[in-house]
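All chains, full assembly: derive it from the sequences and hints.
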Amino acid sequence: MSMNTEFKPKIVAFCCNWCSYAGADLAGSSRLAYPADVKIIRVPCSCRVNPMFILRAFEKGADGVIICGCHPGDCHYSTGNYYARRRMTLLFSMLDYMGIERGRTRVEWVSAAEGVKFSNTMNEFVDAVRTLGPNKRLGDLRCKD
Amino acid sequence: MHGIGVFVCHCGSNIAATVDVKKVVEMARLEPGVVHAEEYQYMCSEAGQERIATAIREKNLKGIVVCSCSPRMHEATFRKCAEKAGLNPYMVEIANLREQCSWIHKDIEEGTEKAVILARAAIAKVSLNTSLLPGESRVTKRALVIGGGIAGIQTALDIADAGYEVDIVEKTPSIGGKMAQLDKTFPTLDCSACILTPKMVDAAAHERINLYTYSEIEKVSGFVGDFTVDIRKKARYVNMDKCTGCGVCMEKCPSKKALSEFNSGLNNRPAIYTPFAQAIPNVPVIDPTQCTKLKTGKCGICERFCQAGAIDYTQKDEIVTRKYGAIVVATGFEIIKLDNLEEYAYSQSKDVITSLELERIMNAAGPTKGHLERLSDGKAPKNIVFVQCVGSRCDESKGKPYCSKICCMYTAKHAMLIRDKYPDVNVTVFYIDVRTPGKNFDEFYRRAVEEYGVNYVKGQVGKVAPQPDGSLLVHGVDLLDGKQLKISADMVVLAAAVEPSPSVRKIATMLTASIDTNNFLTEAHPKLRPVESPTAGVFLSGICQGPKDIPETVSQAGAAAVKVVGLLAKDKLLTNPCTAKPDELMCNGCGSCANVCPYGAISYEVKEINDHGIRENRRVAVVNSALCQGCGACTVTCPSGTMDLQGFSNRQILAEVDAICR
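Heads up: the protein sequence lines correspond to chains Z and Y, in order.
So the first sequence is residues 1 to 145, counted in the working numbering.
So the second sequence is residues 146 to 807, counted in the working numbering.
For the record, the hints were derived by calculation from the structure and aren't laboratory data.
Fair warning: there could be bad hints in the mix.
Reference excerpt, derived from the structure (chain Z facing chain Y, CB under 7 Å, subset only) [to be verified]:
1. Asp25
2. Ala33
3. Ala36
4. Lys39
5. Cys47
6. Arg56
7. Ser78
8. Thr79
9. Arg106
10. Val107
Dumping the calculated DSSO-like pairs for lysine-lysine here, alpha-carbon to alpha-carbon at most 27 Å [claimed, not checked]:
11. Y/Lys440 x Y/Lys402
12. Y/Lys401 x Y/Lys286
13. Y/Lys316 x Y/Lys397
14. Z/Lys117 x Y/Lys397
15. Z/Lys8 x Y/Lys168
16. Z/Lys60 x Z/Lys8
17. Y/Lys225 x Y/Lys726
18. Y/Lys482 x Y/Lys514
19. Y/Lys167 x Z/Lys8
20. Y/Lys584 x Y/Lys651
21. Y/Lys693 x Y/Lys329
22. Y/Lys603 x Y/Lys482
23. Y/Lys482 x Y/Lys344
24. Y/Lys329 x Y/Lys603
25. Y/Lys251 x Z/Lys8
26. Z/Lys117 x Y/Lys651
27. Y/Lys379 x Y/Lys329
28. Y/Lys584 x Y/Lys344
29. Y/Lys584 x Y/Lys482
30. Y/Lys524 x Y/Lys402
31. Y/Lys286 x Y/Lys364
32. Y/Lys251 x Z/Lys117
33. Y/Lys168 x Z/Lys60
34. Z/Lys117 x Y/Lys672
Just so it is clear, CB atoms sit at the ideal spot from N, CA and C, and this is done for glycine as well.
Written out as structure tokens, the structure is:
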């Protein structure tokens with residue numbers, strides 16, 4: 001475990017502009033800490049997250065990728081999060097097959113009012129990725145530039 | 146892109162305390178394309194913006210990154226600043242160093258390292274930004290107000306007085322809402338009906354206000370400035386044009402078993418009814434669940450007695466489609482169900498009542514004609530106990546975590562009114578805290594204690610036990626004396642928590658307006674934009690946004706109206722230019738994108754395409770940028786990668802990913 005606490009994973013979090021990005025802002029203004037390993041990329045909707053972005057993140061050495069969107073039924077664009085949910089279910093199972101463990105990928109619904117949930121989710125996710133250790137199993141497939 | 150400027154804000158000490166701002170500037174200078182980087186205490190201040198503008202002009206910057214607070218806070222500010230300095234406003238990116246870094250990371254080394262990466266990602270993105278020009282969309286100069294209580298009425302009156310048409314959609318047969326049910330209002334003790342009914346009449350008589358009572362919102366489409374709304378006008382079974390409001394039908398109706406909603410279920414109403422005598426419109430409706438004629442085909446008494454021939458049993462629900470530029474949600478509140486709070490014996494004894502029921506009992510037009518009496522035996526009570534915070538400030542398994550805000554004041558009002566009219570009645574109030582922050586509120590509460598001799602006990606009630614003799618034994622605790630109390634009462638009044646009207650969830654979903662964990666609608670900003678929903682063109686009025694009393698509701702209604710008027714006064718709105726854009730050369734017109742578009746913004750046209758010198762007619766996707774809201778669903782669905790989203794393009798997001806994972 002001592003090795004794992006040293007390990008600083010690279011985590012990319014895609015957050016939809018309307019709910020989860022605002023939830024992250026609320027976590028910030030409420031001073032609810034989560035590891036600095038998490039870096040957020042703002043997207044208009046969780047359905048904007050192209051599987052290509054996730055593949056690229058892992059290709060470039062990310063240890064975990066999380067996608068946060070509005071709760072089902074609350075999508076600012078009505079249906080975007082449903083598309084994200086379906087796409088990611090498929091993608092994550094394919095990634096698992098390729099050697100990126102299921103614990104390195106996650107979809108989570110965080111509303112603009114759920115600062116606490118955002119912080120808790122990030123803490124849990126980073127813990128899970130830390131336990132898995134560095135993302136090495138894809139190493140053979142990874143194309144370094 | 147060459148010519149990027151980076152501006153790092155200290156935000157006083159908000160960012161600078163846990164992020165080494167100088168280091169961020171230094172590191173930013175090393176990024177490709179960056180020709181200028183500086184720091185300043187408050188970038189959003191006039192002086193800060195002037196620094197940005199000067200740098201844009203003097204260094205001929207092509208794109209800028211502001212490392213500051215959340216883009217939800219000041220993106221618009223910095224875009225405006227860039228535009229004034231001659232830079233396209235969409236050549237601005239924000240690195241969120243405050244909410245996402247300095248406020249959550251205590252370690253300066255860790256915070257600085259993350260800040261550098263966030264800045265790097267924003268620089269990588271801005272270097273791929275393109276100048277975007279917002280389009281224009283038209284504004285329908287009419288507003289919709291959902292809910293006809295005091296919030297909705299006041300909002301509608303203010304909008305209509307400013308010169309714009311307003312429709313009020315109210316689900317019950319009359320406008321008036323909860324305020325119509327109240328007897329007196331605090332802290333002035335003026336009669337609620339006397340101040341509300343003139344406003345109801347004003348709304349009905351206003352040439353620019355159109356009432357849809359007994360109607361509900363069925364469907365909402367469109368966007369700010371151009372909403373299309375389907376309104377379901379429920380069948381009244383009474384012709385509104387013919388009815389004279391004489392009321393004979395209600396007198397003659399033989400089916401009088403339904404509980405009166407207006408009197409909180411304390412007495413009955415006929416199957417054909419207006420909720421109350423001053424209802425607007427004064428046209429009854431037939432309750433199809435109660436009417437013998439509609440249920441069995443036999444009866445028809447109301448039709449026989451109606452001189453005007455207004456009864457029409459064949460009426461059907463009708464859908465009306467209307468266009469609006471703005472929508473105000475004013476759906477109000479309900480009292481919570483007390484099922485989880487059985488210790489107060491609400492369901493076991495008729496003499497345990499809610500404050501709203503007491504309001505009806507005290508009202509001269511109520512079920513007891515305004516006489517204070519026990520509902521079980523009609524006797525005058527001698528000892529009344531009020532219990533505050535019933536389901537408010539409470540464990541979520543039992544009630545609501547929030548303060549309902551109005552209960553302390555209306556309980557003081559009830560106690561005072563009872564002591565005034567019946568000086569021999571003992572009144573005890575159990576409270577956790579007395580919260581009276583409002584103009585003349587604390588003075589009002591102190592009058593209840595000092596002048597009217599109301600016995601306030603700090604402590605909670607654990608149990609109300611109905612006794613065989615019909616009395617109620619109240620088990621409470623006096624926290625100040627540290628004593629257990631047992632008080633024998635004839636009547637217990639519960640200040641039950643308020644909650645948003647259950648219909649609000651459905652309406653919020655239709656409007657894509659966000660809602661919080663307690664079902665209150667979320668504001669665009671809790672302090673600076675309290676009457677706007679984060680969804681453009683949707684505004685909030687009254688308790689649907691959070692607990693509030695009548696004066697606050699009326700002020701918020703006015704504020705919402707001003708925001709609506711500000712919107713309707715515009716002839717054209719600038720649309721978000723971050724819309725989907727197809728690459729016609731790659732598109733094969735398969736139709737996948739149109740399938741997932743929630744706005745119907747994508748259509749297909751046959752166009753002549755010049756594919757590397759070969760000209761041919763192809764079916765290709767065309768995006769209507771006025772309809773596209775920029776969600777990006779189509780960009781991922783497109784099998785050939787034809788669709789891209791301006792402002793959040795594949796290349797831009799990949800550049801961010803690369804910068805973060807570098």
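Evaluated hints:
1. Asp25: This hint holds: Z/Asp25 lies near chain Y, its Cβ roughly 4 Å from the closest one there, short of 7 Å.
2. Ala33: Constraint on Z/Ala33 satisfied, holds at 5 Å.
3. Ala36: Hint holds; Z/Ala36 Cβ to chain Y Cβ min 4 Å, cut 7 Å.
4. Lys39: 5 Å, holds
5. Cys47: 4 Å, holds
6. Arg56: 5 Å, holds
7. Ser78: At 5 Å from the nearest chain Y Cβ, Z/Ser78 passes the 7 Å test, so the hint holds.
8. Thr79: 5 Å, holds
9. Arg106: This interface hint is violated because 17 Å lies over the 7 Å limit.
10. Val107: Violated. Min distance 14 Å.
11. Y/Lys440 x Y/Lys402: Answer holds: Y/Lys440 to Y/Lys402 is near 14 Å, not above 27 Å.
12. Y/Lys401 x Y/Lys286: 44 Å, violated
13. Y/Lys316 x Y/Lys397: 26 Å, holds
14. Z/Lys117 x Y/Lys397: 58 Å, violated
15. Z/Lys8 x Y/Lys168: 21 Å, holds
16. Z/Lys60 x Z/Lys8: 15 Å, holds
17. Y/Lys225 x Y/Lys726: Between Y/Lys225 and Y/Lys726 the Cα gap is close to 25 Å, so the pair holds against 27 Å.
18. Y/Lys482 x Y/Lys514: 26 Å, holds
19. Y/Lys167 x Z/Lys8: Cα-Cα ~24 Å, so holds.
20. Y/Lys584 x Y/Lys651: 35 Å, violated
21. Y/Lys693 x Y/Lys329: Measuring from Cα to Cα gives roughly 16 Å; hence the hint holds.
22. Y/Lys603 x Y/Lys482: 25 Å, holds
23. Y/Lys482 x Y/Lys344: Given that 27 Å is the threshold and the Cα spacing comes to 30 Å, the pair is violated.
24. Y/Lys329 x Y/Lys603: 26 Å, holds
25. Y/Lys251 x Z/Lys8: With a Cα-Cα distance of about 16 Å, the restraint between Y/Lys251 and Z/Lys8 holds, given a limit of 27 Å.
26. Z/Lys117 x Y/Lys651: 24 Å, holds
27. Y/Lys379 x Y/Lys329: Outside the cut-off at roughly 32 Å; violated.
28. Y/Lys584 x Y/Lys344: The hint holds at about 23 Å.
29. Y/Lys584 x Y/Lys482: Roughly 31 Å between the alpha carbons, so the hint for Y/Lys584 and Y/Lys482 is violated.
30. Y/Lys524 x Y/Lys402: 24 Å, holds
31. Y/Lys286 x Y/Lys364: 20 Å, holds
32. Y/Lys251 x Z/Lys117: The hint holds at about 20 Å.
33. Y/Lys168 x Z/Lys60: 25 Å, holds
34. Z/Lys117 x Y/Lys672: It holds: about 22 Å lies between the C-alpha atoms, which stays within 27 Å.
Checked against the numbered hints given earlier, this structure breaks hints 9, 10, 12, 14, 20, 23, 27 and 29; the rest are met.
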